[in-house]
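A.B. asks: The chain contents come next:
Number of protein chains: 2
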Amino acid sequence: MKNLLLSALLLLAFTLSAQQKEVTQYVNPFIGTARMGHTYPGATLPFGMVQLSPDTDTLPYAVNGKYNQAVYRYCAGYQHNDPTLVGFSHTHFSGTGHSDLGDILLMPTQGKLQLNPGTADAPQNGYRSAYRHENETASPNYYSVILDDHHIRAELTTSDRVGMHRYTFEEAGPAHLVLDLIHGIYPYENKSVWTFLRLENDSLLTGYRQTNGWARTRTQYFAIAFSKPVKSYGYQNFAPKEVYKGFWGKFDQYHNFPEMAGAQVRVWFDFDVQAGEQLQFKVALSPVSTAGALANLYAEVPHWNFDQLWSAGKQRWQEELGKIQVDMLTAADKTTFYTALYHAYLAPTLYQDVDGSYKGIDQNTHQAKGYNNYTTFSLWDTYRALHPWFNLMQPQRNADMIQSMLAHYRQSVHGMLPVWSHHANENWCMIGYHSVSVIADAAIKGVAGFDQRAALEACVQTARQRSYDGLGYYIDLGYVPEDKNGSSVSKTLEYAYNDWCIAQLAKKIGDMEIYAEFSRRASYYNNVWDPSIGYMRPRLSDGRFRADFDVLSTHGQGFIEGNAWNYSLYVPHQPGSLIQLMGGKQSFVRHLDSLFSMSLPDHYFAGTEDISRDGIIGNYVHGNEPSHHVAYLYPYANAAHRTQFLVRQIMDSMYRPLPGGLGGNDDCGQMSAWYLFSALGFYPVAPGSAMYVLGSPLVKSAELTLPNGKNLRIVAKNQSRKNCYVNSIKLNGQRLTTFEISHAQLLNGGLLEFEMHNLPLLPIPKQ
Amino acid sequence: MKNLLLSALLLLAFTLSAQQKEVTQYVNPFIGTARMGHTYPGATLPFGMVQLSPDTDTLPYAVNGKYNQAVYRYCAGYQHNDPTLVGFSHTHFSGTGHSDLGDILLMPTQGKLQLNPGTADAPQNGYRSAYRHENETASPNYYSVILDDHHIRAELTTSDRVGMHRYTFEEAGPAHLVLDLIHGIYPYENKSVWTFLRLENDSLLTGYRQTNGWARTRTQYFAIAFSKPVKSYGYQNFAPKEVYKGFWGKFDQYHNFPEMAGAQVRVWFDFDVQAGEQLQFKVALSPVSTAGALANLYAEVPHWNFDQLWSAGKQRWQEELGKIQVDMLTAADKTTFYTALYHAYLAPTLYQDVDGSYKGIDQNTHQAKGYNNYTTFSLWDTYRALHPWFNLMQPQRNADMIQSMLAHYRQSVHGMLPVWSHHANENWCMIGYHSVSVIADAAIKGVAGFDQRAALEACVQTARQRSYDGLGYYIDLGYVPEDKNGSSVSKTLEYAYNDWCIAQLAKKIGDMEIYAEFSRRASYYNNVWDPSIGYMRPRLSDGRFRADFDVLSTHGQGFIEGNAWNYSLYVPHQPGSLIQLMGGKQSFVRHLDSLFSMSLPDHYFAGTEDISRDGIIGNYVHGNEPSHHVAYLYPYANAAHRTQFLVRQIMDSMYRPLPGGLGGNDDCGQMSAWYLFSALGFYPVAPGSAMYVLGSPLVKSAELTLPNGKNLRIVAKNQSRKNCYVNSIKLNGQRLTTFEISHAQLLNGGLLEFEMHNLPLLPIPKQ
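Protein chains in written order, with the working numbering: chain S, 1 to 767; chain Z, 768 to 1534.
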């Protein structure tokens, strides 16, 4: 007892000093910016509304209908290998596999005014500029680059709703600020629907741009303050159809005329600068109005002190990231860890003015009362590990996110919780209704701050929306028939998991009728299991399995972002039943092993969008989320050592601290959250359950300041690259005898000790 | 004294009974609907936000660039000679010479569903229908017609913000409601910018349409309630570029899918009807949001009782129109009078939700606090007689209109009062800054309810906006130079008058510095007077008068909607000085007489937009406003009898109680207000002055219930068509010895007696 007290006191002392430690230095925002990580290197705050980042290309219009390439390659606006930048825009997704945003591109230039971005191979023919990585730096809430073609050093920082630009001009002379309101991520010919601008005075612009993109009906309002009065300005409307002029024709609207409008607008502002002079611009966003943007501007950044804003933002990051102090095997690992933590806190994003106003999915302005409203819900990805991570480290924010999802439900004409929503729009990306998982997981784990009964009703209504994506068939037949609705097996499996989540929530609240209804639906995965081949398989509306079937192909086989080999393992909520379907534990382990060890023929790989060749291990595709729980299924079949080996392999191979180091899209932090849990030694296989499966930690030690004020210290004794196996696990000195640990056990804090070894402790085979 | 008291009592008794008299029966909304009156026959309330009226053609896109014809002919959406209707839309201008609006066209049909309007010569090829005037009726707040092609009787009525449709189907069978959101007045290829719709449930639609038209950036929000649940529905997007689909592609968005969007959208709703069945639709508008439209709907028309709504609206009209009870020479005259009064109360229009929310010119949502917010300010027209009329009969509303104009000023990025504004947009139509006249006139006439000092500041700022339409030159040179800015003489003259208005307001407030500044500017008309030819004449920036000059042409001569012959008389504020410029009274009268008696050669008339051949008397063009005061200038030159003769001639020839009976555009009530004043025997020659010039009444008698509670009785003794001359005028028994009467005298009430005669009492010529 005395020892325990002493440990506790020592722990407390350690924690207090640990909290002082600067950890933002370990974040490298360039990780994931090459190839298909689709992260952005720019400045932002944790969950900030502004994501101010350089865009390296625009692909103004899709060429030969090749939308896919543009929509995919430039999801975050930046590709690390690109030699030029087109400017700095204020909204970005982090890690997505589809794109939008890139609003309000600013680009400072000198020399001849040019209003077209130009091309990467001839940047001098447009406003864009070459740049070199040696002149580029990025850290939490700061980005800087030298624009070689314009001899300007650009620096970016942000508050929650305001992006601040500091441009230092090397040379004296006329300077321009180009404001490109055609520019957008995934632009195409008529994406910009309307733009409205007012130069309120010689150093303040307000306006909005409305787009029809991934978000079908989206308007981004903004206000831009200039540190120096503009000398002259003008705009050009590039729309193929000129704006209707009427009696506006009596003015020269295109030069020094304070109200501007059109569908495809680029604006320029002229300044004279001295050598070494700095021009600064503050860009405030609002989801609802230019008045809101102005209020945000004045509330958050009433000053012109760039360094102060940068420092305040860095401190905000330190507060969030510093809640976990890790000791790793290498400095590189530490960079990987803190960058993953950083990436995990980039989405969902704040979506309300300082007064709580936000635009709802009904396109009306609403007030968030008693919570902060969020958007950017990449739920098919993030329900798996990111929201569970929030339940551990950001429960208040997760409750606010759930309140935001419930508001979406109330405002939805479909009567549904969000599927994939951003900026007052449902974009319907991917499948399932995984909001219910986020809600159930939070409720089961005791996260307060939302109305569980109202949430259950929202979940049930969502799950009963027959018109949604094969759901009517699923309700009637017990599966989605492939001849009626594609990707039918994936949908059936995910609906079944979602329904289990609803059942868990109902049970917690005590609604046993709903519990029974959705528990029944939760077993519908059985209906797409073909015992004759031992795989989940698409079934037709007449009840037969589809004849033509390839268990390795990801295209047209009833699955999405996965093949049957992987997706057949998608019963996260009832692995025991799955093991039975698969013929028992040995057979199950054989299937798992085959997944990780087989050599997938090249032709199966070709055309798969979301992964790169080194993003797979055998036939296991870490870049696609449906298998994220798979490596953690071994313990259910008494083969925890395989989990221990594989999760270490995945961490080492899929998360390298390099621009091209991510094995796939970071997907709004889901990939990073997988890493965070895994690095700490446990993973939420079935969100909606309070249990985590124990894996193999990568940290040497970790100190978590939990939201309840308690501390959890994780120690991996004898940690090394080779010692990936866990021989024993103790929680506060007591040996754990199962392969699971509960959320409550973690929240209780104390010491979680892993004893690492280079050889597995194999289970004694059953007779 | 006793007699006076008796008179007063008798007067009161008369008034009370007079107020009971039904006068809406005398209104004929078809007056002005043929040719160029540009009025609409549909249902509306006094100054109502909804103007629900049939549109007879759409001219979907301008052909061969012939915008002008479309923009002009269909200003009100309806031309009485057209044989077909395309449907019923909810917003209309009354009497303008330029067009916009025509929002939310509903058309009930039977038979094959057709989503294109078709053409007038083959209505069966579209949703439009033939109709016959014998089956058409219109009265205040009611319109009805039988749609021959669909065997449907359509009836329309309104509240302030809600239009109600009652469709009676003669035949059983499938019926459709077409909602055409491409339709608009003055439509052209890309006028519809974006449309967003939600079927909230089986009998409620919400949505908005954004357009780029005369109002450059305008969004009309609405909600439509159906009396019967819709059976099925769908939409088609006619935009040349398809809307971006993204993952919406997984749904059949075009059939029974509750969220719809696109730039060029037509929607249909299917119902089954029995023979004789009535379907009703309530369409609520909002300037700010669909939530606002719903609130307006529930607040104003919570029921489905069409007749009750109609009756309530008719009563509202009776209350407004019944404040004047007239006795006329003929029933036709009475129709002309009450229809003019009706037309005078159609604009400006209410522009706020029931909670006071409206969209400002900055496109932000504002709250009207302590007043009702109005829009549709056709100020170049209406400052002349309509707003002065409001100062007499609708001072509270005029004060609210001024408050609305001041809000516009505060929200204007140009720092200007409205020029021609509608629906949160400045459309810059015509010239001058006549808001200042409206404000000065109200202030001088003692209309309370706005801040006169703030109003003066707004006036002054507006008049100092150098970038506006030659105003910088005017301020610097004392005139607008024609080589720098066209229509320079008209602008100089009107600016000078406007400046005199500002001076009057300043004087009233006691700001003598502003009074001096603007009194000086008020004389700038002298700077465009060419004494060598005796006309106002365009001057160049070098000070010379332009050499090439035609005093009869209205094109390219430095004038707009008028020639030098007419416009040289535009010094309403200083007719004495004008008479001196013109060489004295005799010379002045000669010029006036020539105006009314000359025969204008045909080639001068060709191409003049706003008038018809029978809209002129000699070279006097009543259909164009700049001469509206001209007939009242004679008394300043001792020739009042010419005024008396001419105003009677104008009333008789330009205001006939027929669809084609108006001599020109009613111009938001200005033409009607000219008639109303004239018919009562006085006219405000120079708004901003408290004085009216006395003319020749057309009424036999009139009883005005003044807003201050007093009554003014006007009697024309010996009134007849021939007896157009006034031999004496008595106010409460006292003979008037001048040709003017003051606003205060009128407001004081009592009896104004004109003694009519068939011969003029000629003034004794001066030696």
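Simulated from the structure, these hints should not be mistaken for laboratory data. If you're wondering where the values come from, they're calculated on a predicted model, not measured in any experiment. Misleading hints may appear alongside valid ones.
What the hints assert, rightly or not - Each pair of labels, with its calculated beta carbon distance range:
#1 K1136/Z - N256/S: 17 to 25 Å
#2 K1136/Z - E170/S: 40 to 48 Å
#3 R410/S - G1277/Z: 52 to 60 Å
#4 K1136/Z - N305/S: 31 to 39 Å
#5 G1213/Z - R410/S: 38 to 46 Å
#6 N748/S - Q1178/Z: 38 to 46 Å
Even glycine gets a Cβ: it sits at the ideal position worked out from N, Cα and C.
A.B. asks: Each of the hints needs a verdict: does it hold here or not?
C.D. replies: Outcome of the hint check:
Hint check: K1136/Z to N256/S, Cβ distance near 35 Å, so the stated range 17 to 25 Å is violated. Separation of K1136/Z from E170/S is about 52 Å and departs from the stated range, judged on CB atoms against 40 to 48 Å. Look at R410/S against G1277/Z: about 57 Å separates their beta carbons, and that is inside 52 to 60 Å. A hinted range of 31 to 39 Å holds for the C-beta pair K1136/Z and N305/S, which are about 37 Å apart.
In this structure the supplied range 38 to 46 Å is violated for G1213/Z paired with R410/S, their Cβ-Cβ distance being about 52 Å. Taking 38 to 46 Å as the suggested C-beta distance range, the pair N748/S and Q1178/Z does not conform, at roughly 58 Å.
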